[in-house]
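As they're listed, the protein sequences go chains H and C. Residue 23 in the working numbering sits at position 23 of the first sequence, with consecutive numbering throughout. Residue 181 in the working numbering sits at position 68 of the second sequence, with consecutive numbering throughout.
Derived by calculation from the structure, the hints in this document are not laboratory data. Idealized CB from N, CA, C, for every residue including glycine. One or more of the hints may lead you astray.
Claimed, not checked - Derived, one-sided and incomplete: chain C residues facing chain H with beta-carbon distance under 10 Å: (1) V117; (2) F120; (3) K157; (4) R177; (5) L197; (6) S200; (7) F217.
Claimed, not checked - Which bits of chain H does chain C cover? Going by a derived footprint, with three or more residues having C-beta under 8 Å, they are: (8) 21–30; (9) 78–86.
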Amino acid sequence: AQKVTQAQTEISVVEKEDVTLDCVYETRDTTYYLFWYKQPPSGELVFLIRRNSFDEQNEISGRYSWNFQKSTSSFNFTITASQVVDSAVYFCALSTTGNQFYFGTGTSLTVIP
Amino acid sequence: EAGVTQFPSHSVIEKGQTVTLRCDPISGHDNLYWYRRVMGKEIKFLLHFVKESKQDESGMPNNRFLAERTGGTYSTLKVQPAELEDSGVYFCASSQDLGNEQFFGPGTRLTVL
């Protein structure tokens, strides 16, 4: 069975602080894909990143970085120097067949100015 | 390029009534997905179309839900008759290929009173 756990329900940080959003996944498949999406107040889910199980390289995109560790089944997301515009709900997701996504319950991030 | 669109954005109906949600995927995307998020819980997969065919409908909660994608373009999701527990946000997503990121619409917030 596939499962994604985002243990942090809500996080508040002060602007310019760094924040890490945790994501732990479970799957017995050897081939799988991991994703992060951002849901701003407007409601749509905005794609941030996709990782396949064979690529453990960490990735940095501007203030965003992702740490993929198969040994701990984690795919954590760090925002450096947070900004108010980063306030949103962030979802981690897992796909094995390339078909349906399994989502975590989301982490609501509030960046306080 | 237009993204995934959903209509209506909000719907409030009474228990026992019928509601039809519509999704227009990104043009050229053969894969179309429906998901649902009940308040505070994870986003859950409902079903997946490849063109006009239902590839996987394992997430459909019961036979009160009927999804169609005639002609392989837009899709509709009908709930008949609606029950209180059907309340939630219904997301539609589309993708070009399996395993790639899914592009999500803004969702339809359904409230059943």
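Using 10 Å as the Cβ threshold, decide whether V117 (chain C) counts as touching chain H.
-> OK, holds: V117 (chain C) within 10 Å of chain H, min 8 Å.
Per the CB criterion, is F120 (chain C) less than 10 Å away from chain H?
-> Because about 14 Å separates F120 (chain C) from the closest Cβ in chain H, which is outside the 10 Å limit, the hint is violated.
Given hint S200 (chain C) near chain H, where the shortest CB pair must fall under 10 Å | Where the cut-off is 10 Å and the nearest Cβ of chain H is about 16 Å from S200 (chain C), the hint is violated.
Does the nearest C-beta of chain H fall within a distance shorter than 10 Å of the C-beta of K157 (chain C)?
-> 7 Å, holds
Counting residues of the segment 21–30 of chain H with a beta carbon closer than 8 Å to any beta carbon of chain C, are there 3 or more?
-> violated (count 0)
Answer holds if the nearest beta-carbon of chain H is closer than 10 Å to that of R177 (chain C); otherwise answer violated.
-> 20 Å, violated
Answer holds if the nearest beta-carbon of chain H is closer than 10 Å to that of L197 (chain C); otherwise answer violated.
-> 21 Å, violated
Annotated coverage of the segment 78–86 of chain H by chain C, confirmed only when three residues or more have a Cβ within 8 Å | Since three or more residues must qualify, the claim that chain C covers the segment 78–86 of chain H is violated, with 0 doing so at under 8 Å.
Under the criterion of a CB-CB separation shorter than 10 Å, is F217 (chain C) in contact with chain H as hinted?
-> 4 Å, holds
Going down the numbered hints, you'll see the structure goes against 2, 4, 5, 6, 8, 9, while the others check out.
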